[in-house]
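J.: Starting from the structure of chain Y, add chain X where the hints point.
Okay, here's what each chain looks like letter by letter:
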Amino acid sequence: MSESLKVPTMAEFMAQGKQPEVLFWVGCAGSFDDRAKKITKAFVKLLNKANVEFAVLGTEESCTGDPAKRSGNEFLFQMQAVTNIEVLNAYEVKKIVTACPHCFNTIKNEYPELGGTYEVMHHTQFLKTLLDEGRLTIEGGQFKGKRITFHDPCYLGRANNVYEAPRDLIQKLEAELVEMKNCKRNGLCCGAGGAQMFKEPEKGDKDVNVERTEQALDVKPEIIAAGCPFCNTMMTDGVKAKEKEGDVAVMDIAELIANAQDL
Amino acid sequence: MQYIPNVLFAVILIAGIGFFVKNVKKLARNIKLGRNVDVSDNKSQRWKNMAMIALGQSKMVRRPVAGVLHAIVYIGFIIINIEVLEIIIDGLLGTHRIFASIGSLYGILIGAFEILAVLVFVSVILFWIRRNIIKMKRFWKSEMTSWPKNDANYILYFEMVLMTLFLIMNATDVHFQAMNSGNVISQVIATWFSGLSEGTLHIIERGAWWVHIVGILIFLNYLYYSKHLHILLAFPNTYYGKVKPKGQLDNLEAVTNEVKMMMDPNVDPFAAPAEDTGTEGEEMPAKFGASDVQDLNWLQLLNAYTCTECGRCTSECPANQTGKKLSPRKIMMDTRDRLEEVGKNIDANKGAFKEDGKQLLDDYITKEELWACTSCNACTEACPVSIDPLSIILDMRRYLVMEQSAAPVELNNMMTNIENNGAPWPYNQMDRLNWKDE
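Chains as they are written, first to last, in the working numbering: chain Y, 46 to 308; chain X, 3 to 440.
With the rest of the complex left out, here is chain Y (with noise of 0.2 Å):
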């Protein structure tokens, strides 16, 4: 099924003298996390089945440098950051779209005083467009009437105010949306943020994860839908922890989407 996906590079792109329509931003954890990969596939499939002329930077790509900002280190950053804007305006690139709150928060806020301005879209706000444009349909499959919560991400959610085009996309699945204890603008963190995901968490009572997967489990979900690759491990991770991996399936919305075709 591999054979099956059409992943341009932007040098392709350029070696034809074309510009694609958006620039796909892999992120770090799409292109090495064995379950974020499958993310990229999923959202992958959906560029190709809707017929958009999309192209990655592939090798070219680095770290938006989140992670080293969050933490502290604003040269590495900005390191990275200068680097990502050269090669980004060397190919005149003008839309970027990703799968990562985090790469989308640091192109669309943080690059722009450093000399890159492009529009940014979350990838649930892009196959939202698509599916207003017409050019996507979206199908119930395996997901009609099932029992789906929504984890927002901080670097989605409350960082950016996204909030609804996740949750259109889950209701076009015609699933039942249900909202957890703490959702939207006050939406509880997955523990991962501002470069957790790196570090074992500081001493505590129990970790962020299992708090929010204890949350999304007591709205009784079939499916916890998440947004960005980090909260997907660390719900999974909860669910694991919560020994529900046999009841409850961490997955992303792009996911959802895709295998409700049988891509």
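None of these hints come from the bench; they were simulated from the model.
Be careful, since some hints might not be right.
Straight line, CA to CA, 30 Å or less: simulated BS3-like cross-link-like pairs of lysine-lysine [unchecked claim]:
hint: 1; chain 1: Y; residue 1: LYS226; chain 2: X; residue 2: LYS34
hint: 2; chain 1: X; residue 1: LYS28; chain 2: X; residue 2: LYS438
hint: 3; chain 1: X; residue 1: LYS34; chain 2: X; residue 2: LYS61
hint: 4; chain 1: X; residue 1: LYS438; chain 2: Y; residue 2: LYS139
hint: 5; chain 1: X; residue 1: LYS352; chain 2: Y; residue 2: LYS248
hint: 6; chain 1: X; residue 1: LYS143; chain 2: Y; residue 2: LYS244
hint: 7; chain 1: X; residue 1: LYS369; chain 2: Y; residue 2: LYS244
hint: 8; chain 1: X; residue 1: LYS262; chain 2: Y; residue 2: LYS139
Okay, the calculated beta carbon distance ranges per label pair [said to hold, decoys possible]:
hint: 9; chain 1: Y; residue 1: THR174; chain 2: X; residue 2: PRO238; range: 51 to 59 Å
hint: 10; chain 1: Y; residue 1: THR174; chain 2: X; residue 2: TRP49; range: 53 to 61 Å
hint: 11; chain 1: X; residue 1: LEU234; chain 2: Y; residue 2: LYS248; range: 37 to 45 Å
hint: 12; chain 1: Y; residue 1: GLU137; chain 2: X; residue 2: PRO238; range: 40 to 48 Å
hint: 13; chain 1: X; residue 1: GLU440; chain 2: Y; residue 2: LYS248; range: 33 to 41 Å
The C-beta atom is built at its ideal place from N, Cα and C for all residues, glycine as well.
T.: Okay, now just chain X, sitting in the frame of chain Y:
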């Protein structure tokens, strides 16, 4: 002789206001110890924020019980000031209820004040019960030690006493009761004093009047030492508060200049460092990030003085909820405490800060607290007055990483990976597209 009360009143008023102004100046000086920060942008959005958040209490009512009670006390505070104005004029001129001449409107006004006074009194009692009887969790966190806890109660007692005095003052005012207009509450209370002679009533009325206005002046001066300062600072704080997206952290300009130089192929690596003429407009900071209050910017220091210690930030903080040491409220309280200490140091040393061997980092805020933050912005979303504890946490992390290289080992590994491989994990950048064919 007949002018003695007026003169005495004027002296007390001038002393009260004078002492307050002196402290406000000290407050402004302390806040200005911070670095400069440009907040001249987005003026219309800023005015809107101030109108909605400070004046309109829009974020207070997100917790409806506290929100409604707070709104009552707040409206009461603002409106009763008309009465305070009358007291001040009467006190200075020796008149009695000078506004009574405006006719029936006076009755309506006083009636409104009396009803508000009762509502404020009841709200304050409920606030006291929430703190001391129900012991709501956020008021009993570890940083709510003796002073923060007592401060909150003193404020409530002050308000109870002031409202009571106001009503007694009205109830024992024989002439006012005789007017029979606007005394909706005090006419009931007046019956409690019915057995007393007119002379005694007059003494009680004058006593309540004097203690009320002197109490207000004392309360005014109490503000500087108290979290109650928020009633003034909430306005500038919401005006200057963050207008950028919550996820957007500032890019350190000094670092940008360095990075640009490093990346510029035309820069002569052997050139002598440029004279420090400040040609770039921005002077190079003495250090990166913040280890003490002077390294923070004045907005962060204003934040610290504005904090009401309500703990909404801490109760929403995922790290705090799961038992970690981080409490955004404590970050703000520590910053204020240290700033006060620095201010006192400056006062004691004739205007110059004398090194005291202490700093905000370690002596107040520990590394453990700083590293527990997930930068999720729950605290900034929860704050009813636009305080940004995250910006202080980030500046202190910057100091730890860029000045001290004191990041946790795992984070150092992550940073090394980014530096070498362009990813936080040890994978080769050339393998970035491998997922396509897997």
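J.: Decide, hint by hint, whether the structure agrees.
T.: Status of each hint after checking the structure:
no., hint, result
1, Y:LYS226 <-> X:LYS34, "violated (42 Å)"
2, X:LYS28 <-> X:LYS438, "violated (63 Å)"
3, X:LYS34 <-> X:LYS61, "holds (28 Å)"
4, X:LYS438 <-> Y:LYS139, "holds (24 Å)"
5, X:LYS352 <-> Y:LYS248, "violated (44 Å)"
6, X:LYS143 <-> Y:LYS244, "holds (26 Å)"
7, X:LYS369 <-> Y:LYS244, "holds (14 Å)"
8, X:LYS262 <-> Y:LYS139, "holds (23 Å)"
9, Y:THR174 <-> X:PRO238: 51 to 59 Å, "violated (40 Å)"
10, Y:THR174 <-> X:TRP49: 53 to 61 Å, "violated (33 Å)"
11, X:LEU234 <-> Y:LYS248: 37 to 45 Å, "holds (39 Å)"
12, Y:GLU137 <-> X:PRO238: 40 to 48 Å, "holds (43 Å)"
13, X:GLU440 <-> Y:LYS248: 33 to 41 Å, "holds (38 Å)"
Violated hints, in rising order: 1, 2, 5, 9 and 10; the structure is consistent with all others.
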